[in-house]
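S.K.: Sequence:
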Amino acid sequence: MGITPSRELLKLQAENERLKRIAADAREKLDAAMDGTGLCVWQLDIASGKLIIFNRRWGSMLGFQPKELEANFEVWKEHLHPEDREEVLNNFYDHLQGRNHFYEVQHRMLSKTGKVTWVQDRGRVVEWNDQGEPLRVMGTHIDMTQEKEYELALSRLAHKDPLTGLLNRAALTSAFTQLQQEGELTLCFIDLDDFKQVNDTLGHRAGDRLLVQFTERLQQECPSEVVIARLGGDEFVLLLPWQRGDVRTRPLLEACISCLNQPFELESGEAYVGMSMGVEAVLGGHDFSNVMARADAAMYQVKHAGKGGMAFSEQPVIEQLVIEASPGASF
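Here our numbering runs 141 ahead of the position in the sequence shown, where the first position is 1.
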C-alpha cells in the first residue's frame with residue numbers, strides 16, 4: 142500500500158511546478174529580448190576553457206545551427222578575425238592579470254562561411270580562488286554588424302561623390318597631401334565642353350547619366366594608381382602619381398580626351414561632349430588651392446582656343462585633339 146503524499150507536500154510540489162513555469166516563461170522572454178537586440182550572455186570557466194552561452198545568439202551569429210558549434214575558449218579564438226586577434230587577446234589577458242578593471246573591445250569575428258560579424262565584447266572576472274587567481278569570467282557579446290556597416294557607409298558617403306562614387310573635394314585634398322609627401326605628381330583639371338546643352342536639351346536626368354558613363358570611361362582609361370575625383374557639376378580632377386614630364390602622361394591624357402569620341406547613349410537621346418583639360422605639375426610644398434587655380438587657368442586657355450584639348454600651365458601652346466564625331470554636343 143503506497144504512502145499518500147501529505148497536503149503540505151502536494152502544495153509544495155504544486156508551488157515548485159508554478160515557479161518552474163514562471164522561470165521558463167521568464168527565460169523565454171529574456172532569450173527573445175536578447176536575440177532581438179543581438180545580445181549574447183556568456184560565462185567562461187578559465188581552468189577548463191568551457192564557455193556557457195545563456196542564449197543561442199552566439200552560434201547563430203556565426204552561422205551555426207544549435208549545438209553545431211562547441212562552446213569553448215579555443216573555438217572562440219579560432220573565430221576571431223586574424224587582424225583583430227592580437228588586440229582582443231591582449232585586452233582579455235590584461236584584464237585577467239589585473240591590469241584592466243574589465244575586458245572590453247569592439248572587434249570582428251568570422252562566421253562559418255567567412256562572413257564578418259562585428260561585436261562589442263565586454264566581460265569581467267566574477268570569481269577568484271583563495272590565491273586571488275581568476276576562476277570565472279562573465280560577459281556579453283553584442284552584434285554590432287548593422288551599426289558598423291551603417292557607420293562605414295556614412296564614412297564612404299562623406300568622402301565620395303553620391304552620383305559617380307568618385308572622391309569628392311575633401312577626399313581629393315587628402316589624397317593630394319598624401320601623394321605629395323610620397324613624391325612629385327601631376328594634377329589634371331577637367332571641364333566637359335557643352336555639357337550644359339545636354340542638360341538643357343535632354344534634361345538633368347540625362348545629364349546625370351552622362352556623368353556616370355563618363356566616369357566609367359575615365360576609370361577604364363586610367364590605371365588603378367591614378368586618383369579620380371569629381372568636384373561637382375561637370376568638373377573632374379585626375380591626380381597622376383608621377384611627374385608631369387613622365388612618358389606616361391601624354392598618352393594617358395590623350396586617351397582620356399579621345400574616350401569622348403564615341404557618343405553617350407542616353408534614354409532620351411544620344412549626346413556628344415568634349416573635354417578641356419588644364420595640366421599642372423605638383424612639387425613638394427605646393428598648395429592644393431594654388432595648384433588648382435593654375436590648372437584651372439590652363440584649362441580656360443583651351444576653352445578660349447576652341448575647346449577639346451589640353452594645356453600645360455607653364456606652356457602657352459594649346460594642344461587640341463579633334464573629336465572625330467563632333468566637337469560639341471549633338472542630339
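There may be inaccurate statements among the hints.
Here are the simulated DSSO-like pairs of lysine-lysine, each with C-alpha atoms no more than 27 Å apart in a straight line [stated by the list, open to error]:
1) 218 x 256
2) 337 x 253
3) 289 x 301
4) 301 x 253
Taking CB as the label site, the calculated pair distances span [unchecked claim]:
5) 193 x 304: 50 to 56 Å
6) 434 x 265: 55 to 61 Å
7) 406 x 438: 33 to 39 Å
8) 186 x 300: 26 to 32 Å
9) 395 x 245: 39 to 45 Å
10) 219 x 193: 44 to 50 Å
11) 409 x 256: 14 to 20 Å
12) 231 x 409: 58 to 64 Å
13) 357 x 256: 43 to 49 Å
14) 434 x 231: 38 to 44 Å
15) 400 x 445: 19 to 25 Å
Hints in this document: simulated from the structure, not taken from any laboratory. Just so it is clear, CB atoms sit at the ideal spot from N, CA and C, and this is done for glycine as well.
S.K.: Hints first: check each against the structure and report whether it holds.
M.R.: Verification of the supplied hints:
At most 27 Å may separate the alpha-carbon atoms for a hinted pair to count; residue 218 and residue 256 meet this at roughly 16 Å. Restraint check for residue 337 and residue 253: the C-alpha separation of about 52 Å exceeds 27 Å, so the hint is violated. Of the supplied pair hints, the one linking residue 289 and residue 301 holds, its CA atoms being roughly 18 Å apart against a limit of 27 Å. Of the supplied pair hints, the one linking residue 301 and residue 253 is violated, its CA atoms being roughly 33 Å apart against a limit of 27 Å.
For residue 193 paired with residue 304, a C-beta distance near 51 Å keeps the hint of 50 to 56 Å intact. The beta-carbon spacing between residue 434 and residue 265, approximately 58 Å, falls within the hinted interval of 55 to 61 Å. The given range of 33 to 39 Å is respected by residue 406 and residue 438, whose C-beta atoms sit roughly 34 Å from each other. At about 46 Å, the beta-carbon gap between residue 186 and residue 300 misses the expected band of 26 to 32 Å.
Our hint of 39 to 45 Å for residue 395 and residue 245 is violated, since their Cβ atoms are close to 56 Å apart. At about 18 Å, the beta-carbon gap between residue 219 and residue 193 misses the expected band of 44 to 50 Å. For residue 409 paired with residue 256, a C-beta distance near 41 Å fails the hint of 14 to 20 Å. Checked against the given bound of 58 to 64 Å, the beta carbons of residue 231 and residue 409, roughly 60 Å apart, stay inside it.
A C-beta distance of roughly 29 Å is found between residue 357 and residue 256, which places it outside the suggested range of 43 to 49 Å. Range check, residue 434 to residue 231: Cβ separation about 49 Å, and the 38 to 44 Å hint is violated. Distance hint for residue 400 and residue 445: a CB-CB separation of about 23 Å, consistent with the stated range 19 to 25 Å.
In terms of the numbered hints stated before, the structure departs from hints 2, 4, 8, 9, 10, 11, 13, 14, listed from lowest to highest.
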